[in-house]
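Enquirer: Residue numbers (the numbering used here), protein chains in the order written: chain A, 1 to 212; chain B, 1 to 277; chain C, 1 to 253.
Derived by calculation from the structure, the hints in this document are not laboratory data.
Take the hints with a grain of salt, since some may be wrong.
Derived DSBU-like pairs (lysine-lysine); straight-line CA-CA distance at most 35 Å [claimed, not checked]:
{"#": "1", "chain 1": "C", "residue 1": "Lys140", "chain 2": "A", "residue 2": "Lys210"}
{"#": "2", "chain 1": "B", "residue 1": "Lys191", "chain 2": "B", "residue 2": "Lys176"}
{"#": "3", "chain 1": "B", "residue 1": "Lys94", "chain 2": "A", "residue 2": "Lys155"}
{"#": "4", "chain 1": "C", "residue 1": "Lys140", "chain 2": "A", "residue 2": "Lys209"}
{"#": "5", "chain 1": "A", "residue 1": "Lys210", "chain 2": "C", "residue 2": "Lys122"}
{"#": "6", "chain 1": "B", "residue 1": "Lys244", "chain 2": "B", "residue 2": "Lys65"}
Computed spacing ranges between beta-carbons, pair by pair [stated by the list, open to error]:
{"#": "7", "chain 1": "B", "residue 1": "Lys83", "chain 2": "A", "residue 2": "Phe79", "range": "55 to 61 Å"}
{"#": "8", "chain 1": "B", "residue 1": "Asp117", "chain 2": "A", "residue 2": "Phe79", "range": "52 to 58 Å"}
{"#": "9", "chain 1": "A", "residue 1": "Val47", "chain 2": "C", "residue 2": "Glu66", "range": "36 to 42 Å"}
{"#": "10", "chain 1": "B", "residue 1": "Arg139", "chain 2": "A", "residue 2": "Phe79", "range": "20 to 26 Å"}
{"#": "11", "chain 1": "A", "residue 1": "Leu14", "chain 2": "B", "residue 2": "Asn126", "range": "37 to 43 Å"}
Not the full set, but computed from the structure, chain A residues with beta-carbon under 10 Å of chain C [to be verified]:
{"#": "12", "residue": "Gln128"}
{"#": "13", "residue": "His132"}
{"#": "14", "residue": "Ile133"}
{"#": "15", "residue": "Pro136"}
Backbone N, C-alpha and C fix where the C-beta goes; we use that ideal spot for every residue, glycine too.
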Amino acid sequence: MINVFMQHWQELLLGFGNTLLCSVIALFFSLVIGSAFAIFEVLPYKVLHIVGRVYIEVFRNIPLLVIGMFFYVVVPQFFVTLDGFTAGTIGLTLYTSAFIAETVRAGIQAVDDGQMEGARANGMTFMQAMWHIILPQAFRYVIPPLGNQFINLVKNSSVLAFVAGFDLMYQGDAIASTTFDTFNTYIVVGILYLIITLPLSYYMRYLEKKLA
Amino acid sequence: MRKLKPILILLGMLLLTLSLGACSNEKSTQQNALKRSQASNTLTWGVKADTRLFGLMDIKSGTIKGFDIDMGKEITKRVLGKKGHAKFVQVTSKTRIPLLKNGNIDAIIATMTITPDREKIVDFSNVYFAAGQSLLVKRGSSIKNVRDLNKDGMTVLAVKGSTSAVNVKKYAPKAKVLELEDYAQAFTALKSGQGDAMTTDNGILFGVASENPAYHVVGGTFTNEPYGIAVDKNQTQLKNKIDKALADMRKDGTYQRLLQKWFGNVAGFDLKEASQQ
Amino acid sequence: MIAPKEEKEMAMIEFKNVEKYYDKFHALKNINLKVDKGEVVVVIGPSGSGKSTLIRTINGLEDFTEGQLLVNDYDLADSKTDLNQIRKDVGMVFQHFNLYDNKTVLENIMLAPKLVLKRDPKENKELAMRLLKSVGVADKAESYPRQLSGGQKQRVAIARSLAMKPKALLFDEPTSALDPEMIDDVLNVMKKIATEGMTMVVVTHEMGFAREVADRVIFIDNGEILEDEKADVFFKAPKEKRAQQFLSKIIKH
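Between the sequences and the hints, there should be enough to build the whole structure, so can you do that?
Expert: In structure tokens, the structure reads:
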């Protein structure tokens, strides 16, 4: 195990960095996009409901691998060539955002109607009320499920391995297939994933306690 | 520090379970593969299912077909007797060695090149197909051979766990190598413009080109890739039986017949070269 | 022609033949009601009579089906009317307070003036503190709503409405969710606001408050205004039978 790491630390570190980078980018954008679609779903406009519904159902119900491959091999045939890292990160962002939208929507709906009414009666616009009053409370409710989504996101970033995105899993595959030491390689890879997910998991729990 | 403790315990437990799993694996592979297959009258082969001409899943019948499959069937009969049963398990370049090591399969006949590195962990039969690495490009491409690839900005597509990925880094160190899951994905990536050329053994590339006339094999072979049948270390009895079967097949013409069946009609393919020992 | 114009300028809120349906349920029936500037109008009626619906149409929290409603010269029947403009000038105090749970008391009061009126931060804070003092919860400025009693919450909610410097205030059963010992604190604050000349529409069961502060009493039942009378006249002798019954029940309690 130590040997695998000592001999291949450069590749592993590159993979670790790419996995971390992909996760951070996807986390940020999936949170933004997911929240936007969650708001679509609580707005009183039918068209936006349908748009939101279609988006969520499409990206939630197609395997991540298919979405990733779509951006890697299909999109380039019609629009623009995306490298594996970009294609995989876009796929991961869209896929995760659909789940986050559902989670955040549930959070928004869990906030008492009186909060919105109070804010509107106070002269605020819908978006002002959403931003300052509803979303902060909604996020407090959904921190535990959101934490799960974030951890899934980090793990799902291994989709990059399938589109040559040079992430941790890709490097692990490459090392395992040249050294044939699959056993130790994947243990090292697993531990490197834990280095990202465990602190994330603890941080979300800390946040939950702090805001409760 | 107090918060670290549960993490450490967790990691410890994880390692313990994994090492226990490793121990039990050891045992299963120490069994005699030949005796085991004789007892069940079944030889289990790891084969490719994504590689035209060698092992390709026929979607209609749900069976895998190709040169490797026919070879496997023939060898099984010669090892276990006329009624011996050949079972085929789908593997990839990445999974075939672990599966063999775990005892999930008895032997690998899956376009596998004999290399010194691999010989450290598995035993190979004699050569049953003399392949060489080559390049597949779109017709009209400026790339004529592997030297043309050795430039900054060139991207080569290969398959994970294959020798071709390692080789091309040697022959065209300036090119970027992207490793994909299997040949189908590597070729799809080539079609999508994710790379300038796809590289692997000529036999496989000819198989792809025969279905996709817009692409062709260029530059001849730039490596020798002798394919062998792999068995786990210390399965000498099984290996000897396989070698004997191979020699017999070459002698009685069965081998040439199978080679002709699969590669006889492939334009530009050199049957003589492939049958070298 | 001069006289009617002056009269119109006097009206802060004016319902003209307003009808409202929830699907088939006729919630408001031919409402005609005028509230002049500086007037305090108390709306009473049995539960489900439509008094909440009535008051909530005034700031557009409920829409209506037919008729005309003018609030501070804005026409609510016109879809182009910006409800936020009306809400800037017409504050509302709710039965369940509706304080922002994620904000401190001070932030509750300062948020809307900051976002909507773009009030200078220093001025905003000074006014907020002054209002908190006047409703008697200045010591809770840094607390969160969940740390307050019901009576304190409602006084903060009133201060929050006042911070917008409204021209009129709507109260939707402001004391119904309070423990009895807290009711007077809230009513006293409301009385003080009334004496300062605020236009107020108050839905309440507090007959003592109505008798003391109200200029007029509206009795509503089944979505219909049955009485619209000066407070002293109404309490002496309600004309309508249903109003008499209602009053006798309320007073017994």
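Enquirer: Could you run down the list of hints and mark each one as holding or not?
Expert: Hint check results:
1. Simply put, lysine 140(C) and lysine 210(A) have alpha-carbon atoms about 22 Å apart, close enough for the 35 Å limit, and the pair holds.
2. Proposed proximity of lysine 191(B) and lysine 176(B) is supported: the alpha carbons are some 17 Å apart, at most 35 Å.
3. Of the supplied pair hints, the one linking lysine 94(B) and lysine 155(A) holds, its CA atoms being roughly 20 Å apart against a limit of 35 Å.
4. Of the supplied pair hints, the one linking lysine 140(C) and lysine 209(A) holds, its CA atoms being roughly 24 Å apart against a limit of 35 Å.
5. Between the alpha carbons of lysine 210(A) and lysine 122(C) the distance comes to roughly 30 Å, so the proposed pair stays at or under 35 Å and holds.
6. Among the hinted pairs, lysine 244(B) with lysine 65(B) is consistent with the structure: their alpha-carbon atoms are about 24 Å apart, no more than 35 Å.
7. The hint said 55 to 61 Å for the Cβ distance between lysine 83(B) and phenylalanine 79(A), and at roughly 57 Å that hint holds.
8. At roughly 41 Å, the beta-carbon separation of aspartate 117(B) and phenylalanine 79(A) lies outside the given 52 to 58 Å, and the hint is violated.
9. Against the hinted window of 36 to 42 Å, the Cβ-Cβ separation of valine 47(A) and glutamate 66(C) comes to about 27 Å, which falls outside the hint.
10. Range check, arginine 139(B) to phenylalanine 79(A): Cβ separation about 24 Å, and the 20 to 26 Å hint holds.
11. In this structure, leucine 14(A) and asparagine 126(B) meet the distance hint of 37 to 43 Å, their C-beta atoms being roughly 40 Å apart.
12. This hint holds: glutamine 128(A) has a C-beta 5 Å from the nearest C-beta of chain C, less than the 10 Å allowed.
13. At about 6 Å, the closest approach between the beta carbon of histidine 132(A) and any beta carbon in chain C falls short of 10 Å, and the interface hint on this residue holds.
14. The criterion of a C-beta within 10 Å of any C-beta in chain C is met by isoleucine 133(A), whose closest approach is roughly 5 Å, and the hint holds.
15. Annotation: interface hint on proline 136(A) holds; nearest CB of chain C at approximately 5 Å, less than 10 Å.
Of the numbered hints stated above, those contradicted by the structure are hints 8 and 9, listed in ascending order.
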